[in-house]
Each structure stands twice: as C-alpha cells, then as structure tokens.
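**Student:** Sequences listed follow chains A and B, in order. Numbers 63 to 727, taken from the numbering used here, label the letters of the first sequence in order. Numbers 276 to 539, taken from the numbering used here, label the letters of the second sequence in order.
These are computed hints drawn from the structure, not numbers from a lab. Predicted model, so just to flag it, every value in this text is computed and none were measured. For each residue, glycine too, the CB sits at the ideal point set by N, CA and C. Be careful, since some hints might not be right.
What the hints assert, rightly or not - Here are some, though not all, of the chain B residues that point toward chain A, as calculated from beta-carbon distances under 8 Å: (1) Leu-321; (2) Asn-325; (3) Glu-330; (4) Phe-331; (5) Asp-359; (6) Ala-409; (7) Thr-412; (8) Thr-446; (9) Ile-447; (10) Gln-452; (11) Ala-475; (12) Trp-476.
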Amino acid sequence: MSEEFGRVPVQLVEIDQDHCANTYGVSPCTAGRIVDSTAASPVETAQAGSASTITLHASTSAVDDAYNGMTVRITGGTGSGQERKVADYVGATRVVTVSVNWTTPPDSTSTYMVLDRPNACVNTFAACQDTDNFTQGTPKTIRLCKPLQDMPADWLAIPSVTGVTQNPTRINAGGQSGSSSALGQRGTVSVSILDHPGSDLRLDPYVEDRAYDPLDRGTFWTKWRARNPYYQNRPIRILNGYLGEALGDMQTYNYVIDKFSGPDSAGVVKITGMDLLRLVDDNKAQAPALSRGELQGDLTISATAFNIVEADISEYDAPAGTLRIGDEVITYTSMVDVAGVLQVTGATRGTDGTAAEAHDEEDQVQRCLRYTDEPVIDILEDLLTTFAGIDLANIDSVGWAAEGDIWLTGYELSTLITEPIGVGTLVKEICEQVLLFLWWDEREQLIKLQVLRPPTETPVSLNETAHVLQNSQNFVDDPTQRVSQLYIFYVQRDPTKELDDENNYRFARLRLDATAQGVNQYGEVKVKKIFSRWLQSFGQVNDTGARMLARYRDNPIVGTVTVDAKDRATWTGDLVRLTSAKFVDVNGSQVARQFHVISAKETIPGEQIQYELQNFDPVATFQCRYMADDAPDYLDATDEELALGGWYSDEDGLMSDGEPGWRYQ
Amino acid sequence: MSVHVTTSATVVSETGALTLARIGYHNLARAASISASSAEADYPALAARNDNTFEFWKPTGAAATWRADLASAQIVNYMGVYGDFNGAALRAQYSTDDAAWSNASDVASPTGDSALFLFPQQTARYWRLLVATAVPTIGHIRFGRILTMERPIMQGVNPITLARSTVIRPTISERGQWLGRSIIRSGLEASYQWKNLSAAWVRTTFDPFALDAREHPFFFAWRPISTYLDEIAYVWTKDDIRPVQSGPNSLMSLGFDVMGASGV
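This is chain B alone, in the form it adopts within the complex (with noise of 0.2 Å):
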C-alpha cells in the first residue's frame, strides 16, 4: 500500500495539507468508455472499471496502458489503483486529443496491493494508466477529484494495513500432541473519527461521498504525509456514515468503520 504525491506544494495549496485525510470516492471512470493496450484472456480490460476485486486486468505484456475516454474534459487530481502490481511501474497520464499524452503523475512502483496517486490537477477528457517494466493485476483503477477532509484525525487511529482480524484454529490429539494448526484471517478492519466539522462543509462537501459510499468502496489514506504513506486501503464502509450535530456552533462529527480489501 503506498501514498504517492506529484509536486506536493502544489497538491497542498490546490486541496490542502497533507496532515488530512484523503478519500479517493469520486470516480469518472465508472462511466468512461474503457480500452487497453491488450489484455489477457480472461482479464479484460473492462474488469479494472469494477468496484469489484475479484475481477482484473491483465496486460500481456510490460508495456501497456488502460485507457478511459471521459465523453469531456473533466478535473482530475488523484488516481486510484489495486491489485497485485508486482513490481510494475505506473504513472497516470492525461490527453485532449487521444494522440498526445503528458504525465500528470510522476513514475511510481507501488507496494501492497492499493496506490493513490495524488498529483496537481489537470482538465482532459481521455486519462490513463501508464503500466511499465512488468505485468501488473489490477483489480480496480478510478479516477476523479480527491476529497479532502477539513480536519486531521488526531488520536485513536487503528491504521488499517496494520488492522487485521485473525482467527487461529489448532488440532491436538487425544493425548496431547499439536498435529497442526490453521489461520483463518477475515482482512482489515477498522474505525475513524473526526469531530468539529463545520456543518456547511459535512453537508456540501462530504456528504456526496456519503452517499456514494452507500455503494461502493473507496481509496482512503488517513495521514499521507511521509510517516503513513503505506497507510491507504481500498475500503468500503460498513454501515451509513451518519453525521451528528455536536455542539452550539455548527459543528458536526461523524466517523465510520470500513473493512479493507485484503491483499490480492
């Protein structure tokens, strides 16, 4: 899992600091019109545009790209990736004409199985993955406008790459011998908080991601600053997110528990 950040004064002044929670929710690939360089039988590309993450694409070779055609020009400031990179290099990259391309990332080989990609934003209808120097899974890709949220979790953070839920079953003989021993392990689970949020903020923008988190899941990394930067799953919330009113001044908190995608 890592955090990978383009010109980060840059991605700070356009959606503030890097102290605050991102939630990568906003996906306009949902509804692009998709291609790749090539695919794998069995691992179209289309796979890449579900939420789902038993579903992949898979290029056949090293060099290779996923492309989707946004319809217009639209803001883009994040990319969001899972799967089993395997070494690969990747890079988003942005087009106006679908001829010439310019990297709005820089070049990264991400770790674990989530990379979200926070670059400065850029305006282009076609957008895409650049994938280098080995044959990448990827289970999911998205791209849209990162959500920033207004204050920083301070305390309690269970982070979630380090929240596993683990169940250990062994098997001892009738006399008391260990014969073997099984894990069973369910993935990542964990909560976060945040309190005096200005009520017009949670109502204008957060709210949007509350209601299409009801859905689907999203990229969030609780501190992607240089400490947490491995800090970031593709998660999905288990329950309504709901808002509370918390004090005489239009402050609001709210908080939510989410189970994490396991390693693919």
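Pulled out of the complex, with its shape left as it was, chain A reads as follows (with noise of 0.2 Å):
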C-alpha cells in the first residue's frame, strides 16, 4: 500500500478508557434502585401487568409521573430479564405505561425494580456511585482521526486530530552518547484535537435515558476529562496508514498517556503520551522499595535477635534476607510475623564489609536487594518487573535469552543495594557496564535488548538512487562518545558507602588505547570512569574495557537520513548497509558503511520515514566464538553457524572453498 501511486496516508488515534463491565442498577451494582415504598426494599412484586403496562406494588408513589423517564426492570417471575421505559404514570392506580411494549407481559408473579437511568453514571469510576461494585471490563476505545475525505463509515472515528507528533524512541548504545542517559531518550507522542460538542453515543451506555441533549451540554474533551480523571498510564496508540488499508493492519505505535490538558481558549485539547520505560524512572520506581519498618527496641552491637514494627512481612524477605540499620548490614536466617511484630532471629552482624553497631529504638530498618552471581538478564527482567511494575508481556523475553545466551556468557553479576535507588539508574550501570542497551519498540509493544557486539544479522541496504530522499543526509562525527583510557573500580568494599568513592573498591583496572591517543591519531586523552556495584572478576572487567575501547577508540559517525514510506519497515534497532557519495576511501571511492538504527520517525506519517544512524563498523573481518564438539564441518555449517562459528584454515590462510579463513587478535 505504502508503494501505490496516489496512496492517501491517514492518521489515526486511538484511547482506551476504563469501562466498568456491570450495568446501571443491575446486580452487583446496586446504584439508582429507587426505594420508594413502605417495605424498603428496591425490589418489589408487581400487582398486574399487560403488554403495555405494569401495575407496580401498591405501596408505591402515589404521586403522578413520579417515575417518567426512568426504567422498571423485571427481576423475577412472569417476564423476567426485561427492561422498559416509563413513558407515562399514574399515581393513583400505580398504572406505569411502558414507552415499547413488553415481549413478555409481567404478571402478578412478576417482581422488578425501578431505575433511576436519567441520573446514571456512565460507568467510569469517577462517575461511579457504587465505587465498592465497580469492576473494570474490557476498556473502551476512542477513536480519533484527522478529517479526511472519504473516511469510512465503519473506522467509528471522530475526525477531529488537528496534529500528531511523535518524537521516536532514541537507543543511547553503552550508555556513551552525552545528549540521553543509558537507557536512550524515551519516545512521546503529542495529540492535539479540536474540541466539539459531544452527542456521547458509544460512550454514555445510559445516553437514551437522559432527561437532557448531551449536545447541549459540555463539550466532548470537558466531559470526558470529567469522567476520566485517572488517565495517566492508559494506553494511547497512533495508526498510521493508507486510506483502504484495514485498521489492523495499519502501523500501531503504542503509548502509555503521561499529560492532558485543555481546551484552552481556541477550544484545543492536548495528550501527550510516553513509552513505557516511562515507568522505569528514578520518581517511578526503587529498587529496593523504601521499608517502613522501625527497630521496637533499642539493638545492642552484638544481639543476634529484634523485632521490627510498623511494617509489613512482605516488605522484607523472608525466612530469611538482609537488612540495613544505619551503616550496618545485617543478615537473618528468620523473620516470622507473630501478630504484626516482625520477629528476626539467626542475625549475623557487620556483614558484606560493614561493622556492627548499636542501633536506638525507632531506627529504621531498610530491606536489602542481593545479587548472587545472577545473568545479567535476569536481573534487568527482575527489576523492569518485580520493582517497576512492567508487565512480563512487554519484554521480549525471546530475544533477550537469545542475545544473552550467545553474547553474555561470563556475565553473572552480583551486588548487594541497601537503600533504595531509582530502578532507571541501576538499569543505565548495568548498560553502560555490560555494554549492552535496551528500547522500547513501539511497533511491537516490547522492551528489546541488544548487546554491543558485532553484528551478526544482514544488513538491509540503502542507496541514494532507490531510497534515500533527496537532500535528506546530515552526518557528524561525535567526539563526546570517543574514549581512549578506561579506569574500571570494582568490588566494593562497603555497599553502605557512596558509589563513586575510589577507596571504597578493592580493585581498580586501567585499559587505554595507546594508538589513538598518540600523536599519529587523535593526540589527546580521553577518560572514562566506572565505578562498579556489579562487575566482580577481572574477566568480566577486561571484557566491558576491550569492548568499550574496540567500540569508542574512534569518532562515531552519527547522522540522519530520509527515505519513502515504501522502506518503512526497518526500524529501531536494525542495521543498515548505506551506500552515499557522503562516504569514500581514501582514493574517492564510494565505500558503504554500516549503521545502527538509533532512531526512527514517521515526519511525514505515511509518507516519510526519518532514520537516526549512528556507525557500527567492526573491527574484526570475521568473529568467531569456539564451537561445540559436534559443530558441523566448514563446509556442511548453515549461515548462522558460518556467522557465530570458527575453523581452522589450512597453512595458506584459507578455508577449504577457497575464503579467506578466520584472523585470531
């Protein structure tokens, strides 16, 4: 569709709102049920029926059109199930006229209540007047469109998005580039629409009922702003697509909303939305949570039992864990909750580098997160969704044990936290310190990882005659990113003291790049310092140095180019093979070059796709990883294993069809 000639690109904007799954006065809820005869109860039995009337207990109202425009509804009996409006009453006989007659007449057998449907809510929890019942269903989605000729009925749209803006996720990868922190630049999404008068068909269940035109009353963006206050971290998605094209199988990029604001004096409304790393920030989420517990008791330097108070079992882990009291860490072998005192017994005093000290009564008692040996994405996935509450569904799960399986190997890191730190930056150590990053694709609603290592893909080549926009290409060399010498200080010796206190470390490694800071090459130094809570052996820390340094011993390239929607598919993260009159050789050559996918945006939705490119050349010709004792020979292995695995040449240097065979460094 994105190939046609005169393709039309649409835009669309979709907004789940929470929708409670009961109904108006229905059990369970029992809102609106009018109580209005001698026996108190909403439910009573009906005198008479026919196919138009119902002749309601007769200790009823006996005032005329008490009950004009609410609903009687048959609960039991004769006609059970149904619901009518009341069209006309009469006091005196207690006669109620329904508006459409009955399918089944009520009899004297028949039982019912009457609802007060004109005053309803409109089953959102702002609105609800029976909070202790409300139950969320499925949501309910708006659905919001640019005004276009030609919009089809069943898009169900209202074409009043005045403009889109959606500033793409960013991969910051190794944590390296200044302009974003480790964890890359979070994609947001800006929403403007024109406000209108609101009929609320499809959104207000009971809009039939109302004594008043919704038209009349509000605005649609007032009232919705009314009925769903709680907005933030609903879902708000964009389609971008091509007029004809199903809406399923439009391009959906996800968001969760973050703003709203509106209508301002021009009667426009404002969403901004973000990605869902969003809840992976510092004032979102700690690892470990703040405990609320307190010491009940004075603790002597050398007591081995206390009870904590004020907090709840769950906060700490138990049987058995480590706390922190003061500058002391404490580990227990039991904790048990003997009527909301927290029992800690088996104390083990001034552990992991600390020395034991006496503690007043009232001090407080944090929990500790402990770290032993634990992959690396293990860890990350625990504190994505143990601490920042992100569903398991939105991590790529897959990829990630395929990416450490392969790439991450060696990396089982340890550590002990004993205060509670923003769960975004414990994330941006272990990227920037593993070299490895991670983003949130919007197109598939899942939090990627991927390691800095060489690309073991193919790349999707690009050109200037079939792809790339006419005066579209911008590149820079960023030396902000380049390092030449790497100070790595490892093992803490106290995990209660500050993270970037030399002293505080056991260990403390120094690779540099001798060459590139010679006077041939760049001729200057530049440093980079890693204070470690996770890398624990010489081997992991000489592995992130050489990475580092093999990565960032040079200028990266970073830029920007433009192609036609037609090459949309490529996206954050992928790798592309540019061919451009902006890169030669040495002798005026044009040399493609590889790129990572930093970050993609639609600029023209539907028409124009922006990619942000930053270099990844290798350094290695080839790379290989040693195989395992039943690998295929060289000439029986498939592509994947050519590209992961290594072979002996033979004395020439080359293999047995004649290639250049593996070069170890």
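Work from the hints to combine the two standalone chains into their complex.
**Tutor:** Right, dumping it as structure tokens:
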C-alpha cells in the first residue's frame, strides 16, 4: 500500500478508557434503585401487567409522573430480564405505561425494580455511584482521526485531530552518548485535538435515558476529562496507514498517557503520551522499595535477635534475607510475623564489609536487595517487572534470552543494594558496564535488548538511487563519545558507602588505547571512569574494557537520512548498510558503511521516515566463537553457524572453498 | 449525490421553478423523538439525528425504517439524507397515527453521499425514512420545509461536487528517481452569489436560514433540474451570510462560501 501511486496517508489515534463491566442498577451494582415503598426494598412484586403496562406495588408513590423517564426492570417471575422506559405513571392506580411494549407481559408473579437511569453513571470510576462494586471491564476505545475525505464509516472515528507529533525512542548504545541517559531517549507522542459538542453516543451507555440533550451540555473533552480524571498510564495508540487499508494492518505505535491539557481558549486539547519505559524513571520505581519498618527497641552491638514494627512482612525477605540499619548490614535466617510484630532471629551482624554497631529504638530497618552470580538478563527482568511494574508480556523475553545465551556468558553479576535506588539508575549502570542497550519498540510493544557486539544480522541496504530522499542526509562526527582510557573500579568494600568513592573499591583496572592517544591519531586522552557495584571479576572487567575501547576508540559518526514510506519496515535497532556519496575511501571511491538505526520517526506519516544512524563498523573482519564438539564441518555449516562459529584454515590461510580463514587477534 | 423530485409539477407550483436553488436547512427531526426498526451496535438511530458526519445509523438488515415523532402535525416537503447508501432504495413516508403509512416521495436509490428528496407537501406528525434492498450507513437525516431562492444563479457557478481541493506530495530520491506520491485531499469548496433579491424576501424568508447556518449544515442543490440533479451536497458555511443592499429599488445581493461534507 505504501508503494501505491496516489496513496492517501491516514493517521488515527486510539485511547482506551476504563469501562465498568456492570450495568447501572443491575446486580452487583446497587446504585440507582428507587426505594419508594413501605417495604423499603428496591425489589417489589407487581400487582398486574399487560402488553404495555405494569402495575407497581400498592405502596409505591401516589404522585403522577413520579417515575417518568425511569426504567422498570423485571427481576423475577414472568418476563424476567426485560427492561422498559416509563412513558407515563398514574399515581392513583400505580400503573406504569412503558414506551415500548413488553415482549412478555409481566403479571402478578413478576418482581421488579425501578431504576433511576436518567441520573445513571457513565460506567467510569469517577462517575460511579457504587464504587465498592465497580468492576473493570473491557476498556472502551475512543478513536479519532485527522479530517479526511472519504473517511470510512466503519472506523467509528471522530475527525477532530489537528496534529500528531511523534518523537521516537532513541537508543544510547552502551550509554556513551551524552545527549541522553544510558536508557536513551523516551519515545513520546503529542496529539492536538479540536474540541466539539459531544453526543455521548457510544460513550454513555444510558444516553437514551437522559432527560437532556448531550449536545447541549459541555463539550466532548470537558465531559471526558470530568469522567476520566485517572487517565494517566492508560493506553494511547497512533495508527499510521493508508486509506483502503484495514485498521489491523496499519502500523500501530503504543504509548501510555502522561499529560492532558485543555481545552484552551481556542478549543484545543493536547494529550501527550510516553513509551512504557517511563515506568522505569527513578521517580516512579525504586529497588529495593523503601521499607517502613523500625526497631521495636534498642539493639545492642552483639544481639542476634530483634523485632521490627510498623511494617508488613511482605516488605522484607522471609524467612532469610539482608537488612540495613544505619551503616550496618545484617543478614538473618528467620523472620516471622507474630501478631504484627516481625521477629528476626539468626542475625549475623556487620556483614558485607560493614561494622556491627548499636542502634536505637525506632531506627529505620531497610530491606536490602542482593543478587549473587545472577545472569544479566535475569537481573534486568527482575528490576523491570518486580520493581518498575512492567508487565512481563512487554519484555521481549525470547529475544533477550537469545542475546544473553550467545553474548553474555560470563556476565553473572553480584551486588548488594542497601538503600532505595531508582530502577532507571540501576538499569543504566548495567547497560553501561555490560555494554548493552534497551529500547521500547513502540510497534511491537516490547522492550528489546541488544548487546554491543559484532553484527550477525544481514543489514538492510539503502542507496541514493532507490531509497534516500533528496537533500535528506546529514552526518557529523561525535567526539564526545570517544574513549581512549577506561578506569573501572570494582568489588565494593562497603555497599553502604558512596558509589563513586574510589577508596571503597578493592580493585581498579586501567585499559587504554595508546595508539589512539598517540600523536599520529587523536593526540589526546579521553578518560572514562566506571564505578561498578556489579562487575566482580577481572574477566568481566577485561571484556568490558576491550569491547568499549574497540567500539569507541574512534569518533562515532551520527546522522540522519530520510527514506520514502515504502522502506519503513526498517526500524529502531535494525542494521543498515548505506551507500552514499558522503562516504568514500582515501581514493575517493564510494564505500558502503554500516549503521545502527538508533531512532526512527515517521516525519510525515505514511510518506517519509527519518532514521537517525550511528556507525557500527566491527573491528574484526570476521568474528567467531568456540564451537561444540558436535559442530559441523565448514562446508556443512549453515549461514548462521558460519556467522557465529570458526574453523581452522589451511597453511595458506584459506578455507576449503578458497575463502580467507579466520584470523585470531 | 442526487436530487429526487416527486410529482415535479406540484413541487414547482408549491415551491417554485426547479431552476431555483433549494436549501434544505429546516430540520424538524432535530427536536423529534427518534426510533428505528433496527440498529447495529455502535450505530444507533440517534446518530442520524445529529448534524455531524462521523456518527452513523446502520440497520441490521436491508428492510428498515428510521422514524421521527414530531409531537404534532407539521408541514414537510423535503427530506435530506447523507451517508453511504450502498445501493439501498430510500423513500420518505408519513403517518398521522403511527400505524398506517403513506408515501411522500417516490422510491429512489441515490448515488454519491448526499440525497435530497423534494415532494408535494404533506402535514403529519410521524415521518420516516424507509430503507430497502441493501443496508446503508446513514450519517444524517432531516425533514422539513425546503427553502427556495427567489432568483436563479446565472453564471460563474463552481459546482460543489466538482469543487475539489487537492494537495499532491511526491517523494524523489537523491538521484532523482520517483519513489512515491501521496494525495492529501481536504474536501469540497464552492461559492454562490445572488443578485436583485427583494429586501422583504431576504428579511422574512431568507434570514431564518442565515441564522440557522451559523450553527448547522444544510443540503444545497443549486439548480435541481434534470441536467444538474447530481450537483447537491451536504454543506456548511465558512462565515456569516451578510446580505447587502445593492440598489435604489429595495434590492439586495448576497452570497456565501461553503465547504462540503466529503464522501463516506
């Protein structure tokens, strides 16, 4: 569709709002039930009925028209389950005439309720009149679009969108770029909408019972805001596609609502959304969470048992775990809840490099978070799901596992975190020290992970003839990312001390690229220091150092190119191979350069895509790993096995098919 | 888009020559009680009473009715319908007792997205749109008294159905190759002017429309004779309508720019 001549790009916005699964006044909802009889019960027995009437209980209101506009619901007996609106009520006879005849006329065996539907809720929590029974049902989706000729009726969309600005996720590979955090830049969307009168059709389940015309009351968005004040973190989606395309086939970008403003004096409403990784922000998620507990009494320097009050046992690890009181770390073997008091026994005082000391009653007792030789993938998943509340379904677990199995062996991490630290900070540290990056793929609704490693994917080829739009290329060198000396401090002595205290580490390692610093190359030193609570071995530190210097010894090239929408299958995280007049060798011949797509944006939805690129030229011509004993011979290997494995060449350095062999460096 | 005239001689004698523009602004359905024989979920009957063009009534089957109870008998001589007709056969009907129904218009299967039915006036409390043979998706329905302009539009007309406003945007590669082309269409726009209208007519007959047009769209057929039966649209003004005294003989001129509801 994107390659068709005369394509008509369209853009839709979908917002999911909460919607109660119950019906107003119908069990379990108890709201709106008129209790108007001496029995003081909302359910009464009818005296009689006919095709168009029902005679209410004798003790109901004697006032004419008392129930006009309300709803009579047959709850039992003959005609059970039917509802009709009251067209007329005669007080003297208690006879209700319904607006539409009964399918099964009620009789004296029928029980009924009168429901005040004209004053019903709108099935959102803010409007609920029986919050104890509010039940989240399937969210109701509001669909909006930009005004469009030939808008399909089955979109059920309101053509009130005046603008959509999508700022894409931006990867910060290995956390080196100073323009964003190690988690990169959050993807955001800003939607501008023109307010208008709202009919409430499809939004108010009881619109036909109202005594007023919704078009005469408020506007669409003033009413929506009043009904949905708890809009934050609700889904908002952008659909970019073409007229004639099914909605399900359009490219969908997923966000959660962050802000709502308006309508302003011009009647414009603005809704902004962010990608799911906003939940990882330090002000939203901490690990470990702050513990409320405090000492029930003074704690002597040698005591091995004590009590904690003012907290729930779920805030701590039980039966065994680690605590911090003041500057002391304490491990324990048992914690039980006895009548609300947490009894701790089997305590070992002054562990993990700290010293035992006395503590006072009411001193705070903080749960510590300990990881011991845990795979990197498991730690990241735990931080995101347990502490940041991200649904596991939004993590690309299969992709993470595949990446970890191949490229993160040997990176089992250990640390003790003794106070609440932002999850975003902890994840950034891991990304920087293990050299990987996470990003939110707004198309697939997954948090993806990739290690900074030699590419195994086949890059997408882009050239200036068939792909790159005119006047759209712009590349610069980014010397801020270059590193020539790397200091890594690792194995903390005392986890309660400051992370960047050099004296608090047992080991420090320096790795440098003397050639890059030398007079024939960059002629300057670029130092980076890492204070690692995670890395535990020389092997890990050596690997991190080697990979970081290999990747960042030269100034990265960053830039942008714009392509037509026909090429929009390429997205953030992908590898591209660009042939452009901008890149030549020393003799002026064009060379194809390899780039990571660190950001992708539909600058004109459905028409143009802008990629932000960072070069990714592997140092090695080939890369390989030791293979299993049952690995195939060279000629029998698949393409994937050839990309990851290695075989010995002959004495001429050639493989059996004449290709150059692997060279060990 | 199409205009359907029933018993044209009577229509002409009651409302004027078919060379005169017709404006369907008078809308008795706006305050009426509405019901339909059927309606799909998300396509309620009330949606067709609204002026907007993004909410629709859609019956569940090909034989259906959309009924308006005007609360008292009213004179009606036109029906306007906007939507995706899908080849359905439409007809205006009326009843004095909500039981026995009579045909106000001939049956017609309109083309395009706007249909205007002109018929001899009837006085009745209940009016309905009868749908048959196919299931339409209807964005708007109205009944009322048609406004006939006092004088014809003579020259310089930009037929609304041909008055497209289109933006085309191509994409070209760095080396000059054609990569794609997008069409951005903003709808229909046209302008209409009248001269030598009697001031008394403008003040008493036309001005109620000018007031209504500030808030509501309307159906417009500039010359509903056989040659131009397709040139009708559901439109709205872009600005206030300001008649101008144009001569010493109590004559006025006026005009307005409209934008048209684009196809469903």
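**Student:** Starting from the hint list further up, note which numbers the structure goes against and sort them upward.
**Tutor:** Per hint list: 6, 11, 12 violated.
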